[in-house]
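Asks: Construct the complete structure from the given sequences, taking the supplied hints into account.
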Amino acid sequence: MSKIGIIIEREYMTRVYKKSFIIMTLAIPFIFIALIAGTLLLSQIKDKEAKEIAVIDYTGKFGQVLKDTESYKFLRVEDIGEESASNYYKSSGRDIYAILTITGDLIENPKQITLFSEKTLNMGLKKDISNQLNPYLSELKIESYNIPDLKRIVADSKVSIDIDTVKWDIEGGETKSSAELASIIGMVFTFLIYMFIFAYGGMVMQAVIQEKTNRIVEVMVSSVKPFELMMGKIIGIAFVGLTQFLIWMAIIIGACTALGIGASASEIKDIATVGMEQQMMNQQMLGGGAAMADPGIIADINGMIQGVNFSELIACFVIYFIGGYLLYASLFAAIGSLVDQEADTQQFMMPVTLIIMFAFYTAIYSIENPDGPLAFWCSVIPLTSPIVMMVRLPYDVPLWQLFLSIGLLLGSFIATTAIAAKIYRTGILMYGKKTTWKEVFKWLKYSN
Amino acid sequence: MYFLETKNVIKQYADHLALNSVSICVPENNIFGLLGPNGAGKTTLIRIINQITAPDSGEVLLNGNPLKQEDVHKIGYLPEERGLYKKMKVGEQVLYLAQLKGMSKKDAKIRMNHWFDKFGISDWSNKKVEELSKGMQQKIQFITTVLHEPKLLILDEPFSGFDPVNAELLKKEIMELKEAGATIIFSTHNMGSVEDLCENITLINRSKAVLQGRVDDIRQQMKKHIFCVRVANETFIPKDGVYDVINTKRIPGGIEATIKIGANLSNNEVIKSLVSDYTIIAFEEILPSMQEVFIETVKDSSLIEI
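First to last, the protein sequences are chains A and D.
Sequential numbering of the first sequence, starting at 1, is according to our numbering.
Sequential numbering of the second sequence, starting at 1, is according to our numbering.
To be clear, the hints were calculated from the coordinates, so they are not data collected in a lab.
Among the hints, erroneous ones may be present.
What the hints assert, rightly or not - Some chain A residues close to chain D (C-beta under 8 Å, calculated; not the full set):
| hint | residue |
| --- | --- |
| 1 | THR14 |
| 2 | ASN214 |
| 3 | ARG215 |
| 4 | GLU218 |
| 5 | SER222 |
| 6 | SER223 |
| 7 | GLU439 |
Said to hold, decoys possible - Cross-link-like lysine-lysine pairs, in silico, DSS-like; alpha carbons within 25 Å at most:
| hint | chain 1 | residue 1 | chain 2 | residue 2 |
| --- | --- | --- | --- | --- |
| 8 | A | LYS225 | D | LYS7 |
| 9 | A | LYS225 | D | LYS106 |
| 10 | A | LYS51 | A | LYS119 |
| 11 | D | LYS87 | A | LYS225 |
| 12 | D | LYS151 | A | LYS3 |
| 13 | A | LYS18 | D | LYS105 |
| 14 | D | LYS127 | D | LYS86 |
| 15 | A | LYS3 | D | LYS105 |
| 16 | D | LYS89 | A | LYS3 |
| 17 | A | LYS3 | D | LYS87 |
| 18 | A | LYS126 | A | LYS73 |
| 19 | A | LYS3 | D | LYS74 |
| 20 | D | LYS134 | D | LYS86 |
| 21 | A | LYS18 | D | LYS87 |
| 22 | D | LYS86 | A | LYS225 |
| 23 | D | LYS128 | D | LYS86 |
| 24 | A | LYS225 | D | LYS151 |
| 25 | A | LYS3 | D | LYS86 |
| 26 | D | LYS106 | A | LYS3 |
| 27 | D | LYS89 | A | LYS225 |
| 28 | A | LYS19 | D | LYS128 |
| 29 | A | LYS18 | D | LYS128 |
| 30 | D | LYS86 | A | LYS18 |
| 31 | A | LYS3 | D | LYS128 |
| 32 | D | LYS86 | A | LYS19 |
| 33 | D | LYS105 | A | LYS225 |
| 34 | D | LYS109 | A | LYS3 |
| 35 | D | LYS127 | A | LYS18 |
| 36 | A | LYS19 | D | LYS89 |
| 37 | D | LYS68 | A | LYS422 |
| 38 | D | LYS127 | A | LYS19 |
Don't be surprised by glycine CBs; every beta carbon is placed ideally from N, CA and C.
Replies: Structure representation (structure tokens):
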């Protein structure tokens, strides 16, 4: 076995057989699922107790329209006489969240309704009240025109459209595609790459610093070339990352087959459904119509999941993971070689972190406009492409862009690795004094 | 032909010249001392021999041939700053480093067991390095240095961190390795061990080789014509033109004097002169210790620089 092979083997074995690695690898999918489920659950739980809203309706016409909701309970206060609302609020002795007063006919003057409270009121209450009152007021108004059948005509005129997006495949067959689903899948992969670059790049950096502080590095480079040591470490840790990813995929696929294909990628579906529920709720509120949850939607999602080309996505993920990781890991290795202890990495980490963060935010922004110029350039430029391209992939990136992006990525990781190797071999033998950027640039000129 | 030669090696770092045309010659099967004060350039030279860094100019010959990458297998290097992977098991670690020196795992295992038996530490194999004491770690480090039976051993301050018992053990091992045919480069500040072990030395000061040769020859060259004389008399006085008295000391039955004789006089002439005045018990030349040679050379060469 070549020396670099021996180094890769050691770097890989010592990490994969660590207890912490095994535990984390097995636990993270479940933590992830629990996290998503937890957020979903939490977002659905409203305040436990309904808040009490006192309704003082001087007209006596509108107060009774308000029905109690999950969050609010409307208390009708009959006749408080001359007492002002604020006095009532204080003297009632009850825990009243807010007081709603209706001081005039709302059909004639919609402004004669006011909410009082000691607290800053949230949007939900205001929305709740107007959502209940508006349709009622509209109806009253329609009735007041005294045109026969007008009510039915108006109801009839309300149309809610539901656009199906259909993607043609090469044979001309149709699969339903979903923008929401595509963006969610893109986001998941982007997040994975972002996480892997930081986690495993950081691991490379830590390993380099450790060897340096242990002083084993001098013994090592008397046996192998610094380049071999650095690459062995980077490649060994890349295999650790891939192993972890494969185990996760196996767990997800295993879980999916266990739950039946109907729930394939169940987490993804969960998120998608929540998004849609939200939309439906909005529709209900705004339109006041009866857009009930269509049972067909859930079935549609399964169709959509099949519409996403997972094998291509995963292949690209692996390519971009390896490319992006190699690009950044060599930079992390160089940074590690520059310092004596981890606390000193700050000044060198800063630019790298900024770039990765920029890429991540560009990726989030690109979901809305995956073919826009920012998304295009950032998915081609090597330092950001591994993160940004993952968002664009589900939206069918033209092949030439994909190849250009991958080609540039490969070229640039060869270049950064060469540069990083130069910094590394000088850095690992430097102790004591803090290195400045100026010196680092000088090292690049050293012949050996 | 020398086993290892460096020829006019120059190494320039950003703001200082680490090695200024340094040439050393290490005969085969020899213990060679590489001496010099801190920061003189010893470590840089050692790193160049180990191919950790490359010289700006000049060459390094091993057995008459320029150094090649594979030559690292023939070299065992014990750096001054020792280090091992702390979390790794001792056995795995030794095998790993041996494999990187080009040994097969099987051979490495056999050699490892041999050395572990020799040092009586076979039961350490499954311990993690961090569980061992510093002295124990030093022993492991020494084993990793010699396991692949290097023809050239480079030991940088090998005795630092060893207690006297283990230092003695180490000295014995070094001598044994030399008997077995190894050539040893030995870098140290400890001049006592240089006199004990080294046959040849090079002294580097301020990036230059300022003194080299056989230890015995150097001490002869640097001798100050100082003698120790013991006589069975009551007084001892200087004799103009023959010797000065540096100091005298009363000993049972006489006097011991340290004298400096005129440079142009032979020992016999001095003895003749002494015999006429005193009853001589002993007459012995005092050669400078390596400590004195070191200090004087470093001082001199520094003066020239200034």
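Asks: It remains to establish, for every hint, whether it holds in the given structure.
Replies: Hints, verified against the model:
1. Taken as an interface hint, THR14/A checks out: its beta carbon lies about 7 Å from the nearest beta carbon of chain D, inside 8 Å.
2. The beta carbon of ASN214/A is positioned within 8 Å of a beta carbon in chain D (closest approach about 4 Å), and the interface hint is therefore held.
3. Hint status for ARG215/A relative to chain D: holds, with the closest Cβ pair at about 3 Å, below 8 Å.
4. Restraint check, GLU218/A versus chain D: the minimum CB separation of about 4 Å is within 8 Å; hint holds.
5. The closest approach between the C-beta of SER222/A and any C-beta of chain D is roughly 4 Å, which is under the 8 Å cut-off, so the hint is satisfied.
6. Because the closest C-beta pair between SER223/A and chain D is about 4 Å apart, less than 8 Å, the hint holds.
7. A hinted interface residue such as GLU439/A counts as satisfied when its beta carbon comes closer than 8 Å to some beta carbon of chain D; here the least separation is about 7 Å, so the hint holds.
8. The straight-line distance between the Cα atoms of LYS225/A and LYS7/D is roughly 23 Å, inside the 25 Å bound, and the hint therefore holds.
9. At roughly 24 Å between alpha-carbon atoms, LYS225/A and LYS106/D fall within 25 Å of each other, so this suggested pair holds.
10. Of the pairs offered as hints, the one joining LYS51/A and LYS119/A holds, with about 13 Å between alpha carbons and a cut-off of 25 Å not exceeded.
11. With a C-alpha separation of about 23 Å, the suggested pair LYS87/D and LYS225/A falls inside the 25 Å cut-off, and the hint holds.
12. A threshold of 25 Å between alpha carbons decides the hint, and for LYS151/D with LYS3/A the separation of about 21 Å falls inside it, so the pair holds.
13. For the given pair, LYS18/A sits about 23 Å from LYS105/D by alpha-carbon distance, which is consistent with the 25 Å threshold.
14. Distance hint between LYS127/D and LYS86/D is fulfilled; the C-alpha atoms sit about 10 Å from each other, no more than 25 Å.
15. Between LYS3/A and LYS105/D, the direct Cα distance comes to roughly 12 Å. Compliance with the 25 Å bound is thereby established for this hinted pair.
16. Distance check on the hinted pair: LYS89/D and LYS3/A sit about 20 Å apart at the alpha-carbon level, within 25 Å; holds.
17. Straight-line distance between C-alpha atoms of LYS3/A and LYS87/D comes to about 21 Å, which keeps the hinted pair within the 25 Å bound.
18. Of the supplied pair hints, the one linking LYS126/A and LYS73/A holds, its CA atoms being roughly 14 Å apart against a limit of 25 Å.
19. Simply put, LYS3/A and LYS74/D have alpha-carbon atoms about 16 Å apart, close enough for the 25 Å limit, and the pair holds.
20. Proximity of LYS134/D to LYS86/D is assessed by CA-CA distance (about 12 Å); at most 25 Å being required, the pair is judged to hold.
21. Only pairs whose Cα atoms come within 25 Å are accepted, and LYS18/A paired with LYS87/D is accepted, the gap being roughly 11 Å.
22. Only pairs whose Cα atoms come within 25 Å are accepted, and LYS86/D paired with LYS225/A is accepted, the gap being roughly 22 Å.
23. At roughly 7 Å between alpha-carbon atoms, LYS128/D and LYS86/D fall within 25 Å of each other, so this suggested pair holds.
24. Our distance criterion of 25 Å between C-alpha atoms is met by LYS225/A and LYS151/D, whose separation comes to about 20 Å.
25. For the proposed pair LYS3/A and LYS86/D, the alpha carbon gap of about 21 Å is at most 25 Å, so the pair holds.
26. With a C-alpha separation of about 16 Å, the suggested pairing of LYS106/D with LYS3/A holds against the 25 Å cut-off.
27. Proposed proximity of LYS89/D and LYS225/A is supported: the alpha carbons are some 24 Å apart, at most 25 Å.
28. Distance check on the hinted pair: LYS19/A and LYS128/D sit about 16 Å apart at the alpha-carbon level, within 25 Å; holds.
29. Of the supplied pair hints, the one linking LYS18/A and LYS128/D holds, its CA atoms being roughly 14 Å apart against a limit of 25 Å.
30. Proximity of LYS86/D to LYS18/A is assessed by CA-CA distance (about 14 Å); at most 25 Å being required, the pair is judged to hold.
31. A distance of roughly 23 Å separates the Cα atoms of LYS3/A and LYS128/D; the hinted pair therefore holds under the 25 Å criterion.
32. For the given pair, LYS86/D sits about 17 Å from LYS19/A by alpha-carbon distance, which is consistent with the 25 Å threshold.
33. For the hint linking LYS105/D to LYS225/A, the alpha-carbon distance of about 20 Å falls within 25 Å, and the restraint holds.
34. Taken as a hint, the LYS109/D and LYS3/A pair is honoured in the structure, with Cα atoms around 18 Å apart against an allowance of 25 Å.
35. Between the alpha carbons of LYS127/D and LYS18/A the distance comes to roughly 16 Å, so the proposed pair stays at or under 25 Å and holds.
36. As the CA atoms of LYS19/A and LYS89/D are separated by approximately 16 Å, the hinted pair is consistent with the 25 Å bound.
37. Of the pairs offered as hints, the one joining LYS68/D and LYS422/A holds, with about 20 Å between alpha carbons and a cut-off of 25 Å not exceeded.
38. Among the hinted pairs, LYS127/D with LYS19/A is consistent with the structure: their alpha-carbon atoms are about 17 Å apart, no more than 25 Å.
Consistency with the previously given hints is maintained throughout, with no hint failing.
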